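Colleague: Knowing the structure of chain A, use the given hints to seat chain B on it.
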Amino acid sequence: MKFLHLVWSNLRRKKLRTSLTLLSILVAFVLFGFLAAIKHALAGGVELAGADRLIVRHKVSIIQLLPESYKARMERIPGVVLATHQTWFGGIYQDPKNFFMQNPVVPEEFLAMHPEMILAPGQKKAWLETRTGAIVGRKTADRFHWKIGDRVPIQSTIWAKPDGSRAWEFDIVGIYDGKDKGTDTTPLFFRYDYFDEVRRQSWGKGQVGWYTIRVKDPAQAAEVAKRVDQEFENSAAETKTEPEGAFVQAWANQVGNIVMIVAAILGAVFFTILLVTGNTMAQAVRERTGELGVLKAIGFTNGQIVSLVLAEACLLTVLGGGLGLGLAWLVISRGDPTGGLLPMFFFPTRDLLIGLGISVLLGVVTGIIPAYQAMRLRVADALRRT
Amino acid sequence: MNIQGNDTLVSVDGVEKVFHRGAEEIHVLSNLQLRVPSGEFLALMGPSGSGKSTLLNLIGGLDRPTRGTVSVAGERLDQLSDHRLAAWRARHVGFVFQLYNLMPMLTAERNVELPLLLTHLSKAERSQHVKAVLAVVGLSHRATHYPRTLSGGEQQRVGIARGIVTDPTLLLCDEPTGDLDRKAGDEILNLLQGLNREHGKTIIMVTHDPHASARAARTVHLDKGQLSNEPVK
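Listed in order, the protein sequences are those of chains A and B.
As numbered in our numbering, residues 1 to 386 make up the first sequence, in order.
As numbered in our numbering, residues 387 to 619 make up the second sequence, in order.
No lab work stands behind these hints, which were simulated from the structure alone.
Check before you lean on any hint, since a few could be wrong.
[Unchecked claim] If the Cβ cut is set under 10 Å, some of the chain A residues that face chain B in the computed set are: (1) H5; (2) L6; (3) R13; (4) E109; (5) G290; (6) L295; (7) A297; (8) F300; (9) T301; (10) Q304.
[Said to hold, decoys possible] Cut-off 27 Å, straight-line C-alpha distance, at most; resulting in silico cross-link-like pairs (DSS-like, lysine-lysine): (11) B/K610 <-> A/K2; (12) A/K205 <-> A/K71; (13) A/K181 <-> A/K59; (14) B/K517 <-> A/K2; (15) A/K124 <-> A/K181; (16) A/K161 <-> A/K205.
Just so it is clear, the structure is predicted and the values come from calculations on it, not from any experiment.
We put the CB at the ideal spot given by N, CA and C, even for glycine.
So that you can see chain A by itself, here it is in the shape it has in the complex (with noise of 0.2 Å):
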């Protein structure tokens, strides 16, 4: 510590050139910021997946039906302890830019499913005997000022009435939060009873989105996999059954390999401050060869001489980087800046930590060879370049 007001002076001394070496940084890192939430929102469900659901969709599409019977099928294949649906809704609240997911479900069947979504008992109560009740996420609730008994207009972009009409009322009779961060609380259920019996006769009736099943063993998801799909083998509907991350992961990369795309942005980023902060320590070292000789005429020994160099480079990094990061998160933190496409955009903090890991290893590697060019210096000859 008795020496950092040494590496802090060294920083001051090109005023100029260390605020823009600090910008690109930070301006580097708000990057790196913006794409881990994008990257998150987009494929982060793949982590938080249950590692014991897994997802029977058609095996043609996802916008394929499959018959409600196959529920009870289902569940008498071994190794299955639970089955439920979802469909997809497509609804739109008042403007096609308000997007969240709506999905009619089986409210205790549904509910058991994910106990990673938060419902008051009482709230769980209105909802099995409200046929029309929905139960909403925070975010959602927060984001249009709902609240309980509120009722809803929803208008579908796939299901009509047998009135033709595709407006549709839901009263809102809970509102659930996520047991930790990752959750989604973007989304909308309501009841499947009541929409199989208000939806067209003519087209779906009887028939839902996709099923999620929970196993018995996790050890013995693939094994089970096999069973359901060898099950509807043959029949009209055949399926695919994957992991729920393997599902999450799929729908992901219907916009691309976000996990590549984000890696191949980053990499280019940061080689190229890594060239610009580089630049910044070598011009700062060669042009203080005299007083490093003087350091090390008082006593200064190699190690410490190499220990300034990347100090003073990592402080740069480090600075720059957290700056960056904590002006990531703050504009992070307002939330979605799509108005819903990215439900769960939040900066994840094994990001952040890792940001904060990448500026110190960004200023150890820009660091080390101006450092190992200073502890060669000879001082007699580094003395007469004063």
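Modeller: For chain B alone, coordinates are given in the frame of chain A:
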């Protein structure tokens, strides 16, 4: 020649220093002998390129002889590793440079404190030492000034304060008045003389100024890598 003294602090025996410039060998010092007693103020004179600074660097442990031995207070400097030599310098030598060589981004007191950062002294103790030496060089009132706001003479006094703050065994001055006008130079020489006489500091001062060397107790002359008591003709 062999200059002997009592209570020898610095011994230079049979020292040769050869520099290489491409394939060319430049012999700067040849079979050089020197003894400096403890408490002496020695002036080392000679024309440019005579090897004065090279000899000073060898005595200060900044460089190593090609052949021969350099001992200070019984320690063979030519046998110390780089790491131990650095530690030795921190404990035993204070340097004063012609161009002051202060850190421009540090205040006078922070510059003076630099060698103390290598000790185990607490912040308060370091501050106490710094104040004391700044008082010795008469710069207490300029402690928080940056080098660019100080005159040449003041900067050199800060340099001297930095050189003596750890109370080193030996103070090595390389042309300490070389960049100063006569008045400021005299002030510096008075200061060095005072440190020698009143505080018993052993000082070796490289200079080519007879006016400066006159302040030393003894003057030796270096020419073509050899020492003599007589000025170079």
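Colleague: With reference to the structure, classify each hint as holding or not holding.
Modeller: Structure-based check of each hint:
1. Below 10 Å, beta-carbon pairs count as interface contacts, and A/H5 has one with chain B at about 7 Å; its hint therefore holds.
2. Given the 10 Å rule on beta carbons, the hint for A/L6 holds: about 7 Å separates it from the nearest Cβ of chain B.
3. Because the smallest distance between the Cβ of A/R13 and any Cβ of chain B comes to about 5 Å, under 10 Å, the interface hint for this residue holds.
4. The interface hint given for A/E109 is violated, since its Cβ lies 68 Å from the closest Cβ of chain B, which is over the 10 Å cut-off.
5. A cut of 10 Å between beta carbons decides the hint on A/G290: the least distance to chain B is about 7 Å, and the hint holds.
6. Because the beta carbon of A/L295 sits about 7 Å from the nearest beta carbon in chain B, less than 10 Å, this interface hint is met.
7. Below 10 Å, beta-carbon pairs count as interface contacts, and A/A297 has one with chain B at about 5 Å; its hint therefore holds.
8. The restraint placing A/F300 at the interface with chain B holds, with a minimum CB-CB distance near 7 Å, inside the 10 Å limit.
9. Here the hint on A/T301 is kept, as its CB sits about 4 Å from the closest CB of chain B, short of 10 Å.
10. At a threshold of 10 Å, the smallest CB-CB gap from A/Q304 to chain B is about 8 Å, leaving the interface hint in force.
11. For the proposed pair B/K610 and A/K2, the alpha carbon gap of about 45 Å is over 27 Å, so the pair is violated.
12. The straight-line distance between the Cα atoms of A/K205 and A/K71 is roughly 15 Å, inside the 27 Å bound, and the hint therefore holds.
13. In summary, the hint linking A/K181 to A/K59 is not supported, as the alpha carbons are separated by about 33 Å, beyond the 27 Å threshold.
14. Between B/K517 and A/K2 the alpha-carbon distance is near 18 Å, which keeps this suggested pair within the 27 Å criterion.
15. For the given pair, A/K124 sits about 22 Å from A/K181 by alpha-carbon distance, which is consistent with the 27 Å threshold.
16. A C-alpha spacing of about 11 Å is found between A/K161 and A/K205, which places the hinted pair at or below 27 Å, so the restraint holds.
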